[in-house]
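Top line first, the protein sequences correspond to chains A, B and C. Under this note's numbering, the residue at position 257 of the first sequence is numbered 257, and the numbers go up by one with no gaps. Under this note's numbering, the residue at position 228 of the second sequence is numbered 228, and the numbers go up by one with no gaps. Under this note's numbering, the residue at position 82 of the third sequence is numbered 82, and the numbers go up by one with no gaps.
Be aware that a few hints might be false.
Calculated pairs, DSS-like style, for lysine-lysine (alpha carbon to alpha carbon, straight line, at most 27 angstroms) [what the hints assert, rightly or not]:
id : chain 1 : residue 1 : chain 2 : residue 2
1  : C       : Lys81     : C       : Lys34
2  : B       : Lys41     : A       : Lys190
3  : B       : Lys275    : B       : Lys257
4  : A       : Lys2      : C       : Lys116
5  : B       : Lys272    : B       : Lys224
6  : B       : Lys272    : B       : Lys238
Derived by calculation from the structure, the hints in this document are not laboratory data.
Here is how the chains run, residue by residue.
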Amino acid sequence: MKTRNVITLIYVLALPIIVLSLFVGPTQSAGLGAWMDALWGRGTNTDLVFTVIYQIRLPRVLLTFLVGGALAVSGCSIQAVFRNPLTDPYILGLSSGAAFGAALALATAWLPVQLSAFVFGLTAVGMSFFMARKNNTVAIVSLILSGIIVSGIFTSLLAIVQYFSDPFRLQSIVHWTMGNLHLASATKLKMAVFPLLLGSATIFVYRWRMNLIALGDDEARSSGIHPGRDKAILLIAATLASSSAVAVAGIIGLYGLIVPHIVRMFSGPDNRQAVPLNFVFGGTFLLLIDDLSRSFAGLEIPIGVFTMLLGGPVFIYLMKKNNIGWND
Amino acid sequence: MKKILPVGLSLLMLVLTACVRHESSTGKFDEPIQVVDFRGKTLRLQRPATRIVCLIESAMSGLYMLGAENRVIGVSSAVYYESAAPHYAVLDQRIKNRELPAPGNWDFVDIESLVALQPDLVLIWASQTEAIEAIEAHDIPVYGIFLKSFEDVFKEMADFGLLTDCRPRADSLIGFARQEVQSLAKNHLSSPRRSVYFVWPQSVLETSGTNSTVNELIELAGAKNSCALLQEHVVVNKEMLFEWQPDLIVFWNNPSKQPVPLLIESGLEALKAVKNNQIYELPPVFWCDLWTLKFIHAARLLAKWCYPEEFSQLDLVSDQHRLIQKLYGSKAERLLLPSEQAKKNIP
Amino acid sequence: MERLTPAFNVENLSFSYREALVLSDVQIEIAQGKLLFILGRNGSGKSTFLRLLAGLLPCRVGVIQVFGRDLKDIPMAKRAKMFGFLNQQHQAVFPFTVEDVVLTGRASYAGFSPKKADFEVVRETLEKMEIGYLRNRIYSELSGGEQQLVMLARVLAQQPRILLLDEPTSQLDFHHQSYLFSLLRTFANAGLTVVSVLHDPNLAFLFGDDFLFVKEGTIFRPPNGIEPWDAGFLNEIYPCEFQSVPFNDRAVVFPKITL
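Construct the entire structure; sequences and hints are all you get.
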């Protein structure tokens, strides 16, 4: 299949998948047929059908889509900013920082959860960056290494929060480290929709400039663009989007790494195409994974586990099959 | 043996009618039911709950003791675990047939399945704050539970009595349990107090401090908790164990390994308790769940392990029969504890 | 004839990396529309000087004027339209197409999104450099020489009045070298100012209009009456002996060989 057609397909299928996802779930009696019946005023228990579809599944479907899209777009922009195709919010320690921030906020109520996640997410990225920086350059390997260390530091801090908080309050913190969408609600959607969209939209606006940023600082500067300013804006946008995603859905590990690579196979590295495609594909793909996890009645497998289990092999397959475009 | 069945049944009927009669005598419930849960939140129900989703195994046990099993329409998935399912299958045909939905547990809650059950009351750990928020967003009343003492268990039972319109049965069970506690506490012990180190299943080094139901259990048995730290759950240093030198080591719900090999593997074979062969394991959770009135059985077991001479008269087998009969009724007692089985459950 | 404003006017320029003084009190004028080469030994400060002119390094001591205006007062986007800078080497990370790479040169014109006119400029630039056939190729898969030509195209797409080039031939084979220099010659003839750092003095002597030499932090032209290809003069710059061989009205130089 021509890549052009694949791209068209990704855009065209997004809406139908969002709509059809509303009819996936453990409640057998709230499928597509039941919904149609309920719309025509037929069938029993129409209230329940509407409640399940509009109040439970709709917020979850929308939140999942937004989280997936935002993580993919953030990953894509972080890769451009660091000129490093091997980074994402997880590898840079951003996710661990945000999870720690969110946990701290929950345990102590010092700061609102979202704000705390954002502040510590940004702190973690900053730490990774400055630890890796030497003589004004940031080597690919150093950045990954410092990301691992920062990630480890914040995971440990998270463990300390767990240790000192009520043993029974732990489990919601534990849920974060695995990523979960099972408690998605209209409240969470409302809480996260603005930062998720603001972060993603900012990256969308800067999508072409990301091409220039990805070429290098000297190149950007001599073309009349302040690389520092653009990078800071992109990084804050990516942190805003992905820390909000962590605050409502936990750490969905490596999603921001895998999706941009898959998308790049279809769109090429030009971020003018890649950024919107990342958002739509990232959202749709996470939604499909979540549909899968929701179709196991009663049994909820954390989404982070699923993305790793599904995304890992897909990623390795693609890496082996294609030159995914990073020259050592 | 066959004669016991009708006797048991009639006893059960008596218990149940106690519940039912109350409901019919009152007829309409003009006064809304009002209880304060363990979060400190006041719950107001216009009528007793008839569609309860109970996501805590111990709380469900409590409801079954009250004879309110027909009001339960959803349970914790833990109920279907291998260790618990056979017992509950005896108590409830729906569990035996795997028909009773399990929309969650202490960890995860499937909000969609739960809401689809259209419950009028959800019983859940108070610590599951996110889940509670999500459930309450659908205007479903939530009773949050957090048990730190046997007194909390009594309060929980009393509230369940109100919520399910089984107040007399609840009061009678609480009264019975209080008597049992008093009779144990009253035991005059001539021997010096023995110290007990309690082991949670997660690790040999994971125990409970003084601010816990475990501590209460040990005190109730007339013994002393080796771990004098305050925490409810705590992981201690191996060296502390040698410093404390507990007289007994008691395992709870130890999953796979035998206690003694586990202690040896953990390098604890030099402990006095191991040398003196003072290692004990409480029977499976169903028989002595500390978060239910069944804690009495655990307390008596522990008392006998600590002071075998003082409690030489205590026949644990018949004692357990008596307790199960009192809590669940005679039929359940006969089915749960056929005489062979009963022996197996008492070490 | 009216004297044109110089492309660059540098006064009292000094620069140091941390403690080490790299350039001291540089005083130089660079005329418009000339092909100028900067020669000197490795590490003499040639690249530093070029990066200072390009505004990539901050000018803290002294003044750099571009077309009579202080460089410090010119906003970045304006600078991009005045001069384009080509780095010595460039490491590609993502497999962009050549068109994508060249298009980024239009950033100061296009802002957040390139327009039709920008694509047109890219196409024309590639045609003008006779590398139109590379347009849809993957930049990172090209040879070093082709990559350098593409990066030059990127700078040209910026449509600057001055080109600042740091070792533009370092990756090029013989053919590409001579091709590039005739191209630069054409640009200069058409009025573009070209300032290039170069290792090879002979290529400079063959094509250049003007020559700057860098030695021990100072930048200078040959003294009056002495040609830049003078063997004795060059011996002061590069510490080896040369012999000069006349060629056309100029000369080429070789290291003195004793057999």
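Exercise for the section: Below or equal to 27 angstroms on CA atoms is what counts here, so check B:Lys41 against A:Lys190. Expected result: It holds: about 25 angstroms lies between the C-alpha atoms, which stays within 27 angstroms.
Exercise for the section: Take a quick look at whether B:Lys272 and B:Lys238 sit within 27 angstroms of each other, Cα to Cα. Expected result: holds, 14 angstroms
Exercise for the section: Given the hint that A:Lys2 pairs with C:Lys116, test it: the Cα-Cα distance must not exceed 27 angstroms. Expected result: holds, 25 angstroms
Practice task
Assess, step by step, whether the Cα of B:Lys275 is no farther than 27 angstroms from the Cα of B:Lys257, and give holds or violated.
Solution key: holds, 19 angstroms
Exercise for the section: Verify the proposed pairing of C:Lys81 with C:Lys34, using a straight-line Cα cut of 27 angstroms. Expected result: Given pair C:Lys81, C:Lys34 holds - Cα atoms ~18 angstroms apart, limit 27 angstroms.
Handout entry: B:Lys272 paired with B:Lys224 [C-alpha distance capped at 27 angstroms]
Key = Roughly 16 angstroms between the alpha carbons, so the hint for B:Lys272 and B:Lys224 holds.
Checked against the numbered hints above, the structure violates none of them.
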